[in-house]
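Asker: On the provided structure of chain A, position chain B as indicated by the hints.
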Amino acid sequence: MGSVIVAKDLVKKFDEFVAVDRIAFAIEEGECFGFLGPNGAGKSTTMKMIHCASPITSGQLSVLGMDVKERPRDIKNLIGVAPQDNNLDPDFTVHKNLTVYARYFNIDAKVAKKRADDLLEFMQLTEKRDVNVENISGGMKRRLIIARALMNEPKVLILDEPTTGLDPQARHLIWERIRELRRKGVTVLLTTHYMDEAEKLCERLVIMDKGKIVIEGRPADLIRDVIGSEVVEMDEPTDEMEAFVRSKGWDHERTIDRLLIYAACCDDIVLIMKERFGLVTTTIRKATLEDVFLKLTGRKLIE
Amino acid sequence: MNPIENLSLRSISVWKRNRDVFFRTWKTNFVPSFLEPVLYLLAMGMGFGVLISEDLRLHDIFVSYIEFLAPGLVAISIMYGAFFECTYGSFVRMHYQKTFDAMIATPLSIEDVIVGEILWGATKSFLNATIVLIVISLFGLTNLPGLIFVPFIAFLGGLMFASIAMLFTSITPNMDSFNWPFFLLITPMFLFSGTFFPMYVLPEWGQLIALALPLTHCSVLVRDLCFNYFDLADVGALIYIAMLTVVAFFASIHLMKKRLIN
Chain A
3 MGSVIVAKDL VKKFDEFVAV DRIAFAIEEG ECFGFLGPNG AGKSTTMKMI
53 HCASPITSGQ LSVLGMDVKE RPRDIKNLIG VAPQDNNLDP DFTVHKNLTV
103 YARYFNIDAK VAKKRADDLL EFMQLTEKRD VNVENISGGM KRRLIIARAL
153 MNEPKVLILD EPTTGLDPQA RHLIWERIRE LRRKGVTVLL TTHYMDEAEK
203 LCERLVIMDK GKIVIEGRPA DLIRDVIGSE VVEMDEPTDE MEAFVRSKGW
253 DHERTIDRLL IYAACCDDIV LIMKERFGLV TTTIRKATLE DVFLKLTGRK
303 LIE
Chain B
6 MNPIENLSLR SISVWKRNRD VFFRTWKTNF VPSFLEPVLY LLAMGMGFGV
56 LISEDLRLHD IFVSYIEFLA PGLVAISIMY GAFFECTYGS FVRMHYQKTF
106 DAMIATPLSI EDVIVGEILW GATKSFLNAT IVLIVISLFG LTNLPGLIFV
156 PFIAFLGGLM FASIAMLFTS ITPNMDSFNW PFFLLITPMF LFSGTFFPMY
206 VLPEWGQLIA LALPLTHCSV LVRDLCFNYF DLADVGALIY IAMLTVVAFF
256 ASIHLMKKRL IN
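Residue numbers (the numbering used here), protein chains in the order written: chain A, 3 to 305; chain B, 6 to 267.
The shape of chain A in the complex, shown without the other chains:
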């Protein structure tokens, strides 16, 4: 298996603002690769460069062995894009949205019709086949956008925040479908703000912040390496508690109303803290990707 998408020293500038700052990554064939990061980290810009909607400023970027600067049309022919914004065609029905889109790929009308029906079945939209897209729910629109991205039977599928704003049922359906596509050998690129989603779906991922890749790896490895296996959360921490934890050399973080201690094994820590500070409300939980994310990109709100 080779790399399907390779970026080296990839830079994107908007006038003076550097949106993507010399990043490098290699995405393997058939894997689900995640791009995480706060708003404005450069995820969507990177996606846009991959599907040739946004020209690269400098560096190298190749998709399926082709340079984005030289063969954008051939690249776009082989990838499917499900954008963050709803850009379905409000003038058409659900089914017509798919067949009109297929025409942009020069797909034969008969083939397109059949494929559209199959994909509506796949995304559980058959019932809405002849309904105008204006009259379907937000979750259905997202599913239709994914179905649309599959009309050209892409080798690479780009999903930009595919489940934002969806109810749990719709999210699970989309997750199932993504796994099914991966089994068929489709390479999936995913951006998301949901860490559980990334943890469940992505083989590997990068966390981006301010245009740079902060860390790359498998979700489980990242959690183990950056956080440990467990987290002790303590309510209403005091300065003495924090000083004590620091003196012990434990990896920790203080938020407004919580003290977090990252560790491999937590029972001792809880015991020691209880002994030293009396009744402290503590929770021991498994470390998650969200801990990794917040530790690396900071807890401050990003505007």
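The set of hints was computed from the structure by calculation and includes no laboratory data.
Built from N, CA and C at the ideal position, the CB exists for glycine as well.
Hints may contain errors.
Restricting the straight-line Cα-Cα distance to at most 27 Å, the calculated cross-link-like pairs of lysine-lysine (DSS-like) are [claimed, not checked]: (1) B:LYS263 - A:LYS143; (2) B:LYS103 - B:LYS32; (3) B:LYS103 - A:LYS130; (4) A:LYS98 - B:LYS263; (5) A:LYS250 - A:LYS212.
Looking from chain B toward chain A, a few residues come up when the C-beta cut is under 7 Å (computed) [what the hints assert, rightly or not]: (6) SER18; (7) ARG24; (8) LEU47; (9) ALA48; (10) ILE109; (11) PRO112; (12) GLU116.
Simulated DEER-style distance windows between Cβ atoms [what the hints assert, rightly or not]: (13) A:ASP198 - B:LYS103: 49 to 59 Å; (14) A:ASP69 - B:PHE39: 45 to 55 Å; (15) B:THR192 - A:ASP69: 44 to 54 Å; (16) B:PHE39 - A:VAL133: 23 to 33 Å; (17) B:PRO178 - A:GLY187: 57 to 67 Å; (18) B:PHE35 - A:LYS116: 29 to 39 Å; (19) A:GLU244 - B:ASN11: 25 to 35 Å; (20) A:THR290 - B:LYS103: 48 to 58 Å; (21) B:PHE35 - A:VAL133: 57 to 67 Å.
Answerer: Just chain B now, with coordinates in the frame of chain A:
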């Protein structure tokens, strides 16, 4: 750098998308363009025209006011067909519906999208003008065989107005700003391009200004063809339309790329 190196036949699929939307609601699209010229003919021709007892000179013949007016209505429909489509229509697709974004995620290039839009704008001119032509023909206000060439002129003129419209769409900050080209360009053309009265009644400087306006050349061509004329002035009009189309077309592609690629 060749400004249209990224152009392909795929632009036809953009044209087809707009065609499909249009024919989905063809009743609401066709009825106004059918009734409007009838209203104009009644009001301007039979109402207003009655006050004009003098016949108007056209080359070496004299025609009644309503005969003069009718081809002018065809020319006006050429202008409005493409200009509305490629200003308001294209802007809604580009800015509100994000249709262009969806298209350029497929093998379509921005050039393909813009050309598809311009071709569709010209098609609207063709359709509208043909309907008006049929209406005035039913009133007996055209002549064979000249009228057969009018739809062809409508498409050419449509390409010109669509390209000019796309130029404004590429630079407009918002939808309301289209009031400017409509107020400063379209309405003066509507009134002063040999549409409602012959240009020779204008003072010389007025005639010169009118000659610079794109619609004047459409109305000259359409009227001459409706009366089976074709002379050097018509060749000049065709050259004018071709040249302005090419200039506006390349400028609009250039500015659209600047607006959409970032």
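Asker: So, for every hint listed, does it hold in this structure?
Answerer: Results of checking the hints against the structure:
no. : hint                            : result
1   : B:LYS263 - A:LYS143             : violated (30 Å)
2   : B:LYS103 - B:LYS32              : holds (26 Å)
3   : B:LYS103 - A:LYS130             : holds (22 Å)
4   : A:LYS98 - B:LYS263              : violated (31 Å)
5   : A:LYS250 - A:LYS212             : violated (33 Å)
6   : SER18                           : holds (4 Å)
7   : ARG24                           : violated (11 Å)
8   : LEU47                           : violated (34 Å)
9   : ALA48                           : violated (34 Å)
10  : ILE109                          : holds (6 Å)
11  : PRO112                          : holds (5 Å)
12  : GLU116                          : violated (11 Å)
13  : A:ASP198 - B:LYS103: 49 to 59 Å : violated (29 Å)
14  : A:ASP69 - B:PHE39: 45 to 55 Å   : holds (53 Å)
15  : B:THR192 - A:ASP69: 44 to 54 Å  : holds (50 Å)
16  : B:PHE39 - A:VAL133: 23 to 33 Å  : holds (31 Å)
17  : B:PRO178 - A:GLY187: 57 to 67 Å : violated (46 Å)
18  : B:PHE35 - A:LYS116: 29 to 39 Å  : holds (33 Å)
19  : A:GLU244 - B:ASN11: 25 to 35 Å  : violated (60 Å)
20  : A:THR290 - B:LYS103: 48 to 58 Å : violated (34 Å)
21  : B:PHE35 - A:VAL133: 57 to 67 Å  : violated (26 Å)
When held up to the earlier numbered hints, the structure conflicts with 1, 4, 5, 7, 8, 9, 12, 13, 17, 19, 20, 21 and fits the remainder.
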